[in-house]
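**Q** What follows is each chain in one-letter form.
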Amino acid sequence: MQSISALKAGARGRGLLILAAAALAWAAGGFSSRRYVSPFPPPSEMRVPAVGATGDMMALALGARRLFADLWFIRLMQYYGTREFSGEEESESAGHNHEAEEHYGEGKYPLFLPMARHVLEVDPAFTAAGLYGAASLAFNMKRGDEATELLNYALKYNPRGRSGATQFSEDRWKYLTMLAAVGYSKSGNPVAVAEAIAPILKDPDCPVMLKQLAAFLNKKAGNYAAAAVIYADIAATSRDEAYVKNARRELEKLAGIKRQGPARGASR
Amino acid sequence: MRNLLIIRAVAFNSFVESVRNRFFTLFAVFAFTAVYASVLAGVMAVDQEARVLADFGLALIELTALAYSLFAASSTLLREAETKTIYLVFSRPVPRWAYLAGKLCGALLTAGLMLVVMAAMHLSLLAFRGFGLPAFYAWALAGTFLKLAVIISFAFFVSLFSTSAVSTLVIASIMWTLGHFASEARFLAERAPGIQGAVLTAFLWLIPNLQLFNARDAAGAASPLGLAVLFPAAAWVAASCLGALWLLSRKEF
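Respectively, the protein sequence lines represent chains L and D.
Residue numbering for the first sequence follows my numbering, beginning at 1 and increasing consecutively.
Residue numbering for the second sequence follows my numbering, beginning at 1001 and increasing consecutively.
Since the hints were made in silico from the structure, they are not lab data.
Note that beta-carbon positions come from the ideal geometry of N, C-alpha and C, so glycine has one too.
Heads up, a few of these hints could be off.
As a list, the in silico EDC-like pairs of lysine to aspartate or glutamate whose alpha-carbon atoms are at most 16 Å apart [unchecked claim]:
1) L:Lys-202 <-> D:Asp-1047
2) L:Lys-8 <-> D:Glu-1252
3) L:Lys-186 <-> L:Asp-203
Label pairs and their computed distance ranges (CB to CB) [claimed, not checked]:
4) L:Gly-10 <-> D:Val-1166: 35 to 43 Å
5) D:Gly-1130 <-> L:Asn-189: 35 to 43 Å
6) D:Leu-1133 <-> L:Gln-260: 40 to 48 Å
7) D:Ala-1037 <-> L:Pro-42: 52 to 60 Å
8) D:Phe-1161 <-> L:Trp-173: 49 to 57 Å
9) L:Tyr-79 <-> D:Thr-1201: 39 to 47 Å
10) D:Gly-1112 <-> L:Ala-23: 48 to 56 Å
11) D:Val-1166 <-> L:Pro-199: 50 to 58 Å
12) L:Val-191 <-> D:Val-1116: 33 to 41 Å
Next comes chain L alone, as it looks inside the complex (with noise of 0.2 Å):
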């Protein structure tokens, strides 16, 4: 009997043990885990918008924050592509269709900074958006202050870009450049936008839309061959047949000025 309750004794004593060795080894995952920094901005810097409340609550609860940010990339594209028609833009359009590429994505769309700001506050990686956000703000829209906004949001909290990151300057420059060709955009220069932007266009995260927009200024200013490049990797490269179709139509127009001559070309 007395052997029974001692095995008891010894066996409740095994276990308290494993217990104790199990709060233990818990607590140590907490404290080892206790230095980790978020590479996400804080919850009090995310706005919200009523409509993507539950998806942003998905994209935390899931850790996917990747996922829920290209799907609100791919809704600021179908709001931006939403043309905003009123009727004397509707007349004017009609009468003027060669200027469509200059006008290419003019309008108000009032919700567009805070669409692109939000692609970035549960991304901040996603370089592609805030660089498509900025131009479009910028180059399109002549709201070069929003855009100004945007690209500061995006420099701040880029992951890469913080300090004691290796890639310190991976992503740091794309955003720089844009700014610097955001302040000649404002002082009216559209050549030395189209300088400033030029590095951009040969990295993966250019958007196709910055592309077509350097193209559009340098053939603006009278330089065909760099245009010609630019619509040539946008007819080879992007993967939106709209801008594919305007690259050939653009390069089989370039070739025509090149066989007419440069002198005639340039008083186009």
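Place chain D on chain L using the hints.
**A** This is chain D only, laid out in the frame that chain L set:
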């Protein structure tokens, strides 16, 4: 050596049982369909198709593997108790820790196999659409595996005191969600005044920070998944296993 052979036998048995389970087939079909559906979403993203395809696929792979792993982990011990298989096992000289270790290894092998099979499907789809291997892909899969290891072992622990597989599933899913919110919760705890902050900080010690292993989302960071994350993962897995062993040792089989 004998105990290692026991662990291997239990793990192999558990693995084969999982693979033969019709739910495994169902999940594989679901994963294939879901990953294929991500192609449609990718098309909508135009020039960001590669990124969207990669993100969609990786998220779906993780959620599918999580669903199956949790289902298996929450029901396996209960089922063996209900079918009295566990009595047969423990009537032989099988230590309880070896049985538990074998079950965990079997569950991890199953999760690993699911990840590999679904990743192969996903990469085939990416290749079919003309895209290469995303730079962070292996890190993302490794991170997902670590997250699954932590949550599977936790589900084993919970299944030994919960009344049904469903309640285990619910508790483990809540832990999964809280684990991803850990960074935000810490931010709030640091700003909460007085006793509130202290209580919240103490509560955070109970939650494993799964964001540590979330290399999928940290793909833009300089180092998506450092070697240092192996220690907390091992600590949380060990803690859950020890807790499960304590509960198992209190049961009379």
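**Q** Evaluate each hint against the coordinates.
**A** Hints, verified against the model:
no.: 1; hint: L:Lys-202 <-> D:Asp-1047; verdict: holds (14 Å)
no.: 2; hint: L:Lys-8 <-> D:Glu-1252; verdict: holds (12 Å)
no.: 3; hint: L:Lys-186 <-> L:Asp-203; verdict: violated (24 Å)
no.: 4; hint: L:Gly-10 <-> D:Val-1166: 35 to 43 Å; verdict: holds (36 Å)
no.: 5; hint: D:Gly-1130 <-> L:Asn-189: 35 to 43 Å; verdict: holds (39 Å)
no.: 6; hint: D:Leu-1133 <-> L:Gln-260: 40 to 48 Å; verdict: holds (47 Å)
no.: 7; hint: D:Ala-1037 <-> L:Pro-42: 52 to 60 Å; verdict: violated (34 Å)
no.: 8; hint: D:Phe-1161 <-> L:Trp-173: 49 to 57 Å; verdict: holds (55 Å)
no.: 9; hint: L:Tyr-79 <-> D:Thr-1201: 39 to 47 Å; verdict: holds (41 Å)
no.: 10; hint: D:Gly-1112 <-> L:Ala-23: 48 to 56 Å; verdict: violated (29 Å)
no.: 11; hint: D:Val-1166 <-> L:Pro-199: 50 to 58 Å; verdict: holds (57 Å)
no.: 12; hint: L:Val-191 <-> D:Val-1116: 33 to 41 Å; verdict: violated (54 Å)
This entry does not satisfy hints 3, 7, 10, 12, going by the numbered hints stated previously.
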